[in-house]
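Asks: Going down the list, the protein sequences come from chains A and B. Position 111, counted from 1, in the first sequence is what our numbering calls 111; the numbers after and before it change by one each time, with no gaps. Position 695, counted from 1, in the second sequence is what our numbering calls 695; the numbers after and before it change by one each time, with no gaps.
Bear in mind the hints are in silico, worked out from the structure with no lab data behind them. Computed from a predicted structure; not experimentally measured. Please note that a few of the clues may not be correct.
[To be verified] Residues from chain A that face chain B, not an exhaustive set, calculated with beta carbons under 8 Å:
1. 37
2. 41
3. 109
4. 111
5. 113
6. 117
7. 160
[Claimed, not checked] Heads up, simulated PhoX-like pairs for lysine-lysine below, C-alpha to C-alpha not over 25 Å straight-line:
8. 341(B) <-> 107(A)
9. 765(B) <-> 751(B)
10. 123(A) <-> 292(B)
11. 120(A) <-> 292(B)
12. 107(A) <-> 339(B)
13. 341(B) <-> 120(A)
14. 417(B) <-> 46(B)
15. 107(A) <-> 120(A)
16. 366(B) <-> 339(B)
17. 339(B) <-> 120(A)
18. 244(B) <-> 366(B)
19. 602(B) <-> 156(A)
20. 341(B) <-> 123(A)
All C-beta atoms in this analysis are idealised placements derived from N, C-alpha and C, irrespective of residue type, glycine included.
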Amino acid sequence: MSSKNGSKSAPHAPSSFRVEVAGKPGYEGAAGAQVAAQFAHLGMALPAEVRVCPIYEFTGRLTPREVEQAAKDLLADPVTQEYRVGESGMSPAFMMAPHWRVEVWLKPSVSDPHESSVRKALKDLGLPAPERVRCGTVYKIVGRLSAAQVERAARKILSNPVIHRYVITAP
Amino acid sequence: MPTETLTPPSLTIKNAAAKELVEMSRLHGWSLSADEMAAIQAHFKKAGREPTRAEVETIAQTWSEHCKHKTFTSAVRFSDGKKQIRFKNLLKETVFAATEKLKKPWCLSVFRDNAGVVAFDDEWAAAFKVETHNHPCAIEPYGGAATGVGGVIRDVLGVGLGAKPIFGTDVFCLCPPDYAGPLPDDVNHPRRTFSGVVEGVRDYGNRMGIPTVGGAIWFDPEFRFNPLVFCGTVGLMPRWAVEKSVSPGDLIVAMGGATGRDGLHGATFSSAALDDSSSPAAVQIGHAIAEKRVLDVLLQARDARLYRGVTDCGAGGFSSAVGELAADCGARVALENAKLKASDLEPWEIWLSESQERMVLAVPPKSLKALEALAAAEDVELCVLGQFTATGRLQVTFKGAPVVDLDMGFLHDGLPKKERTAVWQARPQNGSRKASGPSDAAKLRRALGDLIGHWNVCSREWVIRQYDHEVQGGSIIKALQGTHADGPGDAAVVWPHAATGRTDDYRALAVGHGLNPNYGRIDPYAMAMNAADEALRNLVCVGADITRAAFLDNFCWGNPEDPKVLGALVRAALGCRDAALAFHVPFISGKDSLYNEYLDSKGERHNIPGTLLISAIAPVHDFRRAVTMDFKAPNDPLYLLGWTSDELGGSLYAEWCGRPLDGRVPEVEAGSALEHMRALSAAIARSLVASCHDLSEGGLAVAAAEMAFSGSFGACLDLDEVNRSKEVDSDEVVLFSESPSRFLIEVPEDKERDFLKAMKGQPLKRIGSTLANPVLRVVSMDGTTLFEEGLDALKSRWRDRMPEAMTGARPSDGGKL
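Generate coordinates for the entire structure from the input sequences, incorporating the hints supplied.
Replies: Right, here's the structure in full:
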């Protein structure tokens, strides 16, 4: 019952890995521009750039090598995307001007079909089943925005507080 | 009934005071009234024990507005100031009574299963269901709309022994996305609701490989707190699969997704108004791929005849699915057998969970092995929950301990009958606008430009292009038509034999909708008649056979405890009955969503305008003869079918003039309309018509403009030629009146004589012709040219409205006509 309100944040167990996927230069995707355009509806200046990236968190039973394999063979498209595990591996896809970072995750009380697809695919790849998989989205926002404005955008555009939690990191 | 105490925690209601019972219901979110709680108390007093929580939860779900339609099936005392009507059962004596009276032999299953079923040909039947998912869409538009689509697809999978979903059709009532008024912080901005709902429908339908072929959208700021989202699915099934029969001894098998703590109290939630503290547990994210796998197993198992009954897990989860299938026999369920997402679920939570993508089947024990093999091959989980019995009881245990032990009779018929009061007071007729004298040409021209870009007219391309409307390969008449594939179609035509492989059979199905809450503001009876008329008009435009049409109703209303709100609902139900009888079109299924109200922080109630959607389905005997609405050639004669009266009440033009409710609301003369509609659809089926479009919002002017710019040919219209009643004395009425049952028809020049012969005796009049010039030229009743408007200008206003509001882009900048 403890997870019901969903406000408890997960402590980072040592065996937890994060994989972030980003489009290679020229393949950043159209989603960012669409998100940027919506800032106008909140009466804010348009950000100079927004990038939208999937992010995954695995907990338990996967070795770093296996996480690397999952990222390479499953989570990132080798032609248009790159990935990084944790903070490592600064590659061109992850080079960006200083930006606000808003991570949006589903609350633990909400079942995530994306998560079950990832679990299934890991199994199909012959990888061990992690204890926990979480799938989220990172919005990287370049622009002159105040903390309060980013907070408002997070609530009104980037997430639905009914089902999501978000974490904001300043540039 | 056993008297020993059931699994704790039991509730203590046996000796509770009435006030405590009500408080208990509120605390647990059961949405049970004082009377209902008292009935439950009396039942358990008689049994000599306390109920378990699971038992009261089960009763609350079964008696909920969502499952039981308790308002619609209740006794109602209705008064309209002049006469009183007492209904013993509102639904049975209105909508359903018409169906019984019409007794169409091709109606195979009406009002008793998860969807309505009509015969399509000797071998196949079509199942159709439309239902709403309003409350979840208000809170989480994307998840709410996706699970709405998933739910209605499961309804079609769970009708009879299951139908294959062949297309979807979805209707929304939303606040305009450019709404700039104040909103409470907990209410999603309409732009977000709109894009979220569209994305939810898109992702679920597209991922399941079911085309979304059409629908409708109505915009009105009054939907800002409570958007309406109607999800519809049509399925195809062999006629032998229409009936299900559960036998004692059959295994209760759950198939599909695992059970989690999802969407608890979704059904009772539908009996409650939204307020600032609405629960997030009612919201889920759909998993289309999981449902697609269930679909694949189910249809193979159906054709191998591995089960005798099936239903979907919707609101109320296992409790209502098992309860419904076992209603005539009984069931024993061991909940520990359910596949769970989390290990800490309490038994009542497993029983009530509304986790998506699950179906419940009645499987003869000898077929279980074969079913398990099929499920394993498609990677679908399956578990045996228990067995159907002949005890007449619903008995649920968890690891041997009893959880629920209820009498089926009490569960399904124990709901205390309550007579409700309904009052209807006709609005005083506001004086008709007198605008005699010379027309203000500039004003009418301006009105046309504004109306063509009105939220309730403008192009839906931004939405439609997000949907896959081609998958399965059966989409014949698509939502967007014309030379640039962007004109607004009337009805979708789908060829079911794309799914059966009978490629030399050209019969198809057409689906159309009718909805206009503005008319309902003046008179809900007129709204119902007009919705029926519009749904049929849309079918006629493509050449469907409306003698074989069937209706579905969907009522979305505010709080029916207010006698005025209920009075309006009764008026609409009477309209449905009369429309069905007059058009000879039976209702085959329906749904209602009540309590669409928002309680703001100041305690003020905001009800939605009572809204009725009528959806219609009919066969097209040869789809090769179906027509689209775009003009096909220059210099073709243009005919207007039907009478034009001064009926601007509730019209877009009246709204544009700033007096939306002034004037007479359109009145349907169903008898004569039916005759000319049948004649027209027969003429279309004989290929005597090049294009046809019905006159709806915005009247003749808007219909002509749409046909012209969709086909890239102009038109000249002479308003004096229009068949009209005597009181019509101005150009504005002829141009913008929304009189029902009218069609603008382009006839190929060389078929004009045959067309006139086929339409002999009908209220038909040639009012102009198509032009090679891309202009809409309108000649006034006094013979002078009223205005001439370029199609480019009209089209860009029509096409740009929505994309501009949603993305800031104007497609018309990208290229001309």
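Asks: Determine for every hint whether it applies to the structure shown.
Replies: Here's how the hints hold up against the structure:
1. 37: Holds - the Cβ of residue 37(A) comes within 8 Å of chain B, reaching about 6 Å at its closest.
2. 41: holds (6 Å)
3. 109: holds (7 Å)
4. 111: holds (5 Å)
5. 113: For residue 113(A), the interface hint holds, since the closest Cβ of chain B sits about 3 Å away, which is under 8 Å.
6. 117: holds (7 Å)
7. 160: Status holds, d = 6 Å.
8. 341(B) <-> 107(A): This hinted pair holds, its Cα atoms lying about 15 Å apart.
9. 765(B) <-> 751(B): holds (16 Å)
10. 123(A) <-> 292(B): OK: residue 123(A) and residue 292(B) at ~20 Å, within 25 Å.
11. 120(A) <-> 292(B): The hint holds at about 15 Å.
12. 107(A) <-> 339(B): holds (22 Å)
13. 341(B) <-> 120(A): holds (14 Å)
14. 417(B) <-> 46(B): Within the cut-off at roughly 19 Å; holds.
15. 107(A) <-> 120(A): holds (21 Å)
16. 366(B) <-> 339(B): holds (22 Å)
17. 339(B) <-> 120(A): Satisfied, since the Cα-Cα distance of roughly 16 Å is no more than 25 Å.
18. 244(B) <-> 366(B): holds (18 Å)
19. 602(B) <-> 156(A): holds (23 Å)
20. 341(B) <-> 123(A): holds (17 Å)
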